[in-house]
Amino acid sequence: MKTKSRGKKKPAALDRDHALHLLRSMIRIRSLEDKCAELYSAMKIRGFLHLYDGEEAVAVGVLEALTPEDAIVATYREHGHALIRGVSAGCILAEMYGKQEGCSRGRGGSMHLFDDRRRFYGGNAIVGGGLPIAVGLALADKMQNHSRVTCCFFGDGAVAEGEFHESMNLASLWKLPVLFVCENNLYAMGTALRYSESVTELTRKAAGYDVTAEAVDGMDVLAVEAAAKNAAAAVRAGEGPCFLECRTYRFRAHSMFDPELYRAKAEVEEWKKRCPIETFAQKLKNEGLLAEGDREAIEREAAREISEAVAFAEACTWEPLEDLTRFVMSERRTA
Amino acid sequence: MSDRAGSMQKLTYRDAVRDALRDALRKDDRVFLMGEDVGRYGGCFAVSKGLLDEFGPERVRDTPLSESGFVGAGIGAALGGMRPVVEVMTVNFSLLALDQIVNNAATYLHMSGGLFNVPIVIRMATGGGRQLAAQHSRSLEGWYAHIPGIRVLSPATVEDARGMLWTALEDPDPVLIFENAGLYNMEGLIPEDAGPVDIDYARVRRSGRDVTVISYSASLIKSLEAAEILSKEGIEAEVIDLRTLRPLDEKTFLQSVARTHRALIVDEGWRSGSISAEISARIMEGAFYELDGPVERLCSAEVPMPYAKHLEDAALPQVDKIVDMVRKMVGTNG
Amino acid sequence: MAEFRMPSLGSDMVEGTLLEWRVKPGDRVRRRDVIAVVDTDKAAIEIEVFEDGIVEVLLVQPGQKIPVGTVMAVIRTEGAGIPEAGTAGAVLPERPPVEAVPERPMAGEQVPPPAAPAPLQPSASAAAERIKASPYARRLATEHSVDLRILEGTGPQGSICAADVQRALEAAAQLPPEEAPGLSLAVLPPGVAEERRAPAPPVAEKPAAADAMRRAIAAAVTRSNREIPHYYLQTRIDMSRTLRWLEAENLKRSIKERLLPVVPLIKAVASALQDVPELNGYWIDDRHQPQEAVNIGFAISLRQGGLIAPAILGADLMSMDDLMEALRDLITRARTGRLRSSEMTDATITVTNLGDLGVETVYGVIYPPQVALVGFGKTTEQPWAENGMLGVRPVLTATLAADHRATDGRRGAQFLDALNRHLQEPSKL
Numbered sequence: 001m002k003t004k005s006r007g008k009k010k011p012a013a014l015d016r017d018h019a020l021h022l023l024r025s026m027i028r029i030r031s032l033e034d035k036c037a038e039l040y041s042a043m044k045i046r047g048f049l050h051l052y053d054g055e056e057a058v059a060v061g062v063l064e065a066l067t068p069e070d071a072i073v074a075t076y077r078e079h080g081h082a083l084i085r086g087v088s089a090g091c092i093l094a095e096m097y098g099k100q101e102g103c104s105r106g107r108g109g110s111m112h113l114f115d116d117r118r119r120f121y122g123g124n125a126i127v128g129g130g131l132p133i134a135v136g137l138a139l140a141d142k143m144q145n146h147s148r149v150t151c152c153f154f155g156d157g158a159v160a161e162g163e164f165h166e167s168m169n170l171a172s173l174w175k176l177p178v179l180f181v182c183e184n185n186l187y188a189m190g191t192a193l194r195y196s197e198s199v200t201e202l203t204r205k206a207a208g209y210d211v212t213a214e215a216v217d218g219m220d221v222l223a224v225e226a227a228a229k230n231a232a233a234a235v236r237a238g239e240g241p242c243f244l245e246c247r248t249y250r251f252r253a254h255s256m257f258d259p260e261l262y263r264a265k266a267e268v269e270e271w272k273k274r275c276p277i278e279t280f281a282q283k284l285k286n287e288g289l290l291a292e293g294d295r296e297a298i299e300r301e302a303a304r305e306i307s308e309a310v311a312f313a314e315a316c317t318w319e320p321l322e323d324l325t326r327f328v329m330s331e332r333r334t335a
Numbered sequence: 001m002s003d004r005a006g007s008m009q010k011l012t013y014r015d016a017v018r019d020a021l022r023d024a025l026r027k028d029d030r031v032f033l034m035g036e037d038v039g040r041y042g043g044c045f046a047v048s049k050g051l052l053d054e055f056g057p058e059r060v061r062d063t064p065l066s067e068s069g070f071v072g073a074g075i076g077a078a079l080g081g082m083r084p085v086v087e088v089m090t091v092n093f094s095l096l097a098l099d100q101i102v103n104n105a106a107t108y109l110h111m112s113g114g115l116f117n118v119p120i121v122i123r124m125a126t127g128g129g130r131q132l133a134a135q136h137s138r139s140l141e142g143w144y145a146h147i148p149g150i151r152v153l154s155p156a157t158v159e160d161a162r163g164m165l166w167t168a169l170e171d172p173d174p175v176l177i178f179e180n181a182g183l184y185n186m187e188g189l190i191p192e193d194a195g196p197v198d199i200d201y202a203r204v205r206r207s208g209r210d211v212t213v214i215s216y217s218a219s220l221i222k223s224l225e226a227a228e229i230l231s232k233e234g235i236e237a238e239v240i241d242l243r244t245l246r247p248l249d250e251k252t253f254l255q256s257v258a259r260t261h262r263a264l265i266v267d268e269g270w271r272s273g274s275i276s277a278e279i280s281a282r283i284m285e286g287a288f289y290e291l292d293g294p295v296e297r298l299c300s301a302e303v304p305m306p307y308a309k310h311l312e313d314a315a316l317p318q319v320d321k322i323v324d325m326v327r328k329m330v331g332t333n334g
Numbered sequence: 001m002a003e004f005r006m007p008s009l010g011s012d013m014v015e016g017t018l019l020e021w022r023v024k025p026g027d028r029v030r031r032r033d034v035i036a037v038v039d040t041d042k043a044a045i046e047i048e049v050f051e052d053g054i055v056e057v058l059l060v061q062p063g064q065k066i067p068v069g070t071v072m073a074v075i076r077t078e079g080a081g082i083p084e085a086g087t088a089g090a091v092l093p094e095r096p097p098v099e100a101v102p103e104r105p106m107a108g109e110q111v112p113p114p115a116a117p118a119p120l121q122p123s124a125s126a127a128a129e130r131i132k133a134s135p136y137a138r139r140l141a142t143e144h145s146v147d148l149r150i151l152e153g154t155g156p157q158g159s160i161c162a163a164d165v166q167r168a169l170e171a172a173a174q175l176p177p178e179e180a181p182g183l184s185l186a187v188l189p190p191g192v193a194e195e196r197r198a199p200a201p202p203v204a205e206k207p208a209a210a211d212a213m214r215r216a217i218a219a220a221v222t223r224s225n226r227e228i229p230h231y232y233l234q235t236r237i238d239m240s241r242t243l244r245w246l247e248a249e250n251l252k253r254s255i256k257e258r259l260l261p262v263v264p265l266i267k268a269v270a271s272a273l274q275d276v277p278e279l280n281g282y283w284i285d286d287r288h289q290p291q292e293a294v295n296i297g298f299a300i301s302l303r304q305g306g307l308i309a310p311a312i313l314g315a316d317l318m319s320m321d322d323l324m325e326a327l328r329d330l331i332t333r334a335r336t337g338r339l340r341s342s343e344m345t346d347a348t349i350t351v352t353n354l355g356d357l358g359v360e361t362v363y364g365v366i367y368p369p370q371v372a373l374v375g376f377g378k379t380t381e382q383p384w385a386e387n388g389m390l391g392v393r394p395v396l397t398a399t400l401a402a403d404h405r406a407t408d409g410r411r412g413a414q415f416l417d418a419l420n421r422h423l424q425e426p427s428k429l
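One line per chain: the protein sequences are A, B and C, in this order. Counting from 1, position 185 in the first sequence corresponds to residue 185 in my numbering; the numbering is continuous, with no gaps. Counting from 1, position 295 in the second sequence corresponds to residue 295 in my numbering; the numbering is continuous, with no gaps. Counting from 1, position 202 in the third sequence corresponds to residue 202 in my numbering; the numbering is continuous, with no gaps.
Heads up, some of the hints might be wrong.
Computed cross-link-like contacts, DSSO-like style, restricted to lysine-lysine with a CA-CA straight-line distance of at most 27 Å [stated by the list, open to error]:
(1) C/Lys-428 to C/Lys-256
(2) A/Lys-175 to B/Lys-49
(3) C/Lys-132 to B/Lys-328
Don't read these hints as lab results, they were simulated from the structure.
If we strip away everything but chain A, and leave its shape as in the complex, we get (with noise of 0.2 Å):
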């Protein structure tokens, strides 16, 4: 079993300017989803909206490992992933807003991001439809020769899909450069793994196709940044798939509104003391990294950044109806 075979790398020692950046990446998308759910209260966004509250951890640290010649396929839950890739703010609140200046033109929403330059294949929305795509990209690289690194998000519901398991036994048999990034927080949607997994030890599964595996604290952003970084390494150097699980939590419910009867109000409670944004903050105050006033100017930072992008997804346009059946086939005939 190839379960944490490669052993922690002790994570180097923290520079101000990283630690800073990683805390205010994972404001920055406490800061989008806070707004996002403001803007769907006032019915500016409509459709689902899963929003990623607690789990900011993840998409910062993984994102971390990758470089822009990477690709990320990503699950319903994307914004943050989105948005800490270089989508704008702007550009991501316009999508929800359905405008035609939205990364996708207002035809995704909420759960379909796109960006193309960034390599950011979705916003994928049905629960494991990602991973197989995810194989193609990194077969479709290993067949050219790229050492580029396919970065595939998916839940812990996942799992319980074929598509997983074919993905994994694809890519553990072809040896393709995937980082599989499991986020789990614990929830299909309502139902807990222990409720639709025989083995709730994830990495178990992955390691039973012969992929690396390994479990991370998910609220610890350096924990999974220092993880991914050592799985996407391996996986550049042509050692095959890596697979990486994220013990991680959402805080809000599972789309914008549910009733939240699968989890007691102290789990959630429980859980948020472990809030990823809080506890970096505090140790960077501890280690003396993060000064008075620090926080503050990130706050108001992002505060600044979400409402230019409101303001801009405000004043972005909406697509004319005689475009509706644009972009079903494409306009050129020539690939």
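Chain A is fixed; fit chains B and C onto it per the hints.
Coordinates of chains B and C only, in the frame set by chain A:
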């Protein structure tokens, strides 16, 4: 024709598909073939026999029985710059890959607002008539033709089997090619240098004044046979090969119906909610005032395909049924 | 209690617009009274009631367009009690529209009386009412002005298909030129077994109506030519006695009451039909059905084009003056679109007079299901030998077009002979 006779070649539909694959693999490094038993086995229908030797296991890639996995991988590879030809052994197994075909291949371009097209070709065998019973005899190409975002081809001739693949590979969008397994042994005469053909238009395979028979794939062959029989009785059927089920080239069959004023659709799929229903509706919409009688359909009986030969024969559209139907349509009017 | 419904005035009529009520609730009505005026696609038609009784309630307002079969009024018949029908509005037919054609007073008709319709399924009724024709056949028929009502379908489920229309067109193309449409024909086919009576437009108010009329004419002549084995007889008639008599008669009359020369001609036809009654009637259901009533359809050309042949009902019973009055009334109403439905449908023979247009001889096309048509040409001065003496006389050519299935040439000849005799004794007419 006669001056070109020297440059004609006789080959089977299977050979034509293989030639097309070989041609594509030679022409473009980005092209690779992937699917169950395409390599070492030589293809379930021996279509890819010999290709592994020529192109190696990277480009003629055997896959596990993971239809969703390898079809999705094909989509990903297409997104990643390759030109995959994914072979799903038969349409029956493609149901295991429906998520990837319908939810991903067909939607990526649209969901991404035009950013990500998926230049994948997915081939699969289709059709009944070989006593393979319910789970191996489906004709679901019309079902796929329901889905916006994919192109659905159904080559019925050796020429199309040879020529459609390359054009499909050049297409920026997902193309599904349905090869009726009953046609693989069919022989045809095509030019030695037969090359790509269009994948946009239906073809009038036989001209006639009395009735338009609209069909595709194996049913087209039966329709042409029926037309010859009818011709001896003085009934001239115009036989149209749809070739592309999506997007439908309705102009060709509407123009034909405007000439013959009668239409019969022959389709191996079931009639309820089928491509034949769609064509019938298009005729109502586009050629209603040309009709001199109701649009008729010959489809498969609405049963899962039975094993017993006499039952299976009865379930499928057959030449004699086509002949009878046309006689009825033309005769009672004559 | 009886329901007065929007009648079907042609098998292709699916709806009509009420133009006017001629009665109000409480009015006593008698069978044959005109109680409403209805606009069809073709013309305004006066609609008769088929009951004796009292108008209980009017359910439709003038201006309303309603489907055929819709109850328009409730008539309390003698002995009936309080109405049961709702009064909130038009009642849509929940059973086949009552046979909407005006009464068929003549023997041999098979239409059930309106008051007692057989309860049928609505679908059955719809099937009975609607012409089944393929869309292509309909298009062809429209393009070539063929009336589908006269065609027999040979297509699926008895529908009319393109081949049926083409056959009719080919048949029409074989008409001799002198029988080209517009010469002598009657427009309106009286009821035939397989279809309802179909009044053609009495007035062409707009191009569409004119087209419709042309189509109706085309349909009628096409069918006539296809179905009726015509034979033609012609005779020259010395008109000097009749014209002298007419001149003398007209001297006795005020200008308004003067008789037109055609009046004695019509009267003579009516009288000759007493001698040869076989020519007065119909050929329906492969059966010759002579009629007792002599209703002479008189071809009237309309200013807007087309023509129409409404019937002078009971012409045999009329005096010359009655005939003149009836004719004047008929022409006036024909040209203003106020003909009665029975006048449109009940002609038993047709007279066409083209003499005033300079035509010498009329070869008519019988209007089905009638069995004869009498044509009159221009009266001209011609050399005339009589009793070994040659003189100049006003001479009229009278022709008879007759249905050979119903009569043969001998009876036809007897008819022309009788016609001649009557015109030689005008005072006895």
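Verification of the supplied hints:
| no. | hint | result |
| --- | --- | --- |
| 1 | C/Lys-428 to C/Lys-256 | holds, 23 Å |
| 2 | A/Lys-175 to B/Lys-49 | holds, 26 Å |
| 3 | C/Lys-132 to B/Lys-328 | holds, 18 Å |
This entry satisfies every hint, going by the numbered hints stated previously.
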